[in-house]
Amino acid sequence: MATDYDAPRRNEADELGEDSLEELKARRAEAQSSSVDVDETDFNENLELPGADLSNEELTVRVLPKQEDEFTCSRCFLVQHRSRLASTRGDQLFCRDCS
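For what it's worth, full-length UniProt numbering labels the leading residue of the sequence shown as 1, then goes sequentially.
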């Protein structure tokens, strides 16, 4: 197939300007109609309802006490590493995010 390299190039913006309103609506409907089929039974099996009985569940995260190089921010109450200490006011310690 021969290509005329001297012909003006056309891009999608030029083509969209020439399309009729009905063609544009049809293209939009086609683009929006592509949906993923979801099996409702799979969705319902993974859904946890509020107030579900979790009495048989066990904590799988190991909780450590505050270390010597950590402090608790007096404003956000998060435990931060000592390198994140921004300011102190009396016995109150503030992290970089809160100061």
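A hint or two may mislead.
Stated by the list, open to error - Now the in silico label distances, taken between C-beta atoms and shown as ranges: (1) Leu49 to Ala29: 35 to 45 Å; (2) Leu85 to Pro65: 53 to 63 Å; (3) Glu30 to Ser74: 51 to 61 Å; (4) Pro65 to Arg96: 50 to 60 Å; (5) Gly51 to Cys98: 26 to 36 Å; (6) Pro50 to Asp97: 25 to 35 Å; (7) Thr72 to Arg27: 14 to 24 Å; (8) Val79 to Leu54: 22 to 32 Å.
To be clear, the hints were calculated from the coordinates, so they are not data collected in a lab. The beta-carbon is built from N, C-alpha and C at its ideal position, and this holds for glycine as well.
Here is how each hint holds up against the structure:
At roughly 36 Å, the beta carbons of Leu49 and Ala29 sit within the given window of 35 to 45 Å. A beta carbon spacing of about 19 Å between Leu85 and Pro65 contradicts the range 53 to 63 Å that was offered as a hint. Between Glu30 and Ser74 the beta carbons are some 57 Å apart, a value that agrees with the proposed interval 51 to 61 Å. Checked against the given bound of 50 to 60 Å, the beta carbons of Pro65 and Arg96, roughly 23 Å apart, lie outside it.
For the pair Gly51 and Cys98, the beta carbons lie near 34 Å from each other, so the given range of 26 to 36 Å is met. Against the hinted window of 25 to 35 Å, the Cβ-Cβ separation of Pro50 and Asp97 comes to about 31 Å, which satisfies the hint. The hint said 14 to 24 Å for the Cβ distance between Thr72 and Arg27, and at roughly 57 Å that hint is violated. Judged by the Cβ atoms, the range 22 to 32 Å given for Val79 and Leu54 holds: they are separated by roughly 25 Å.
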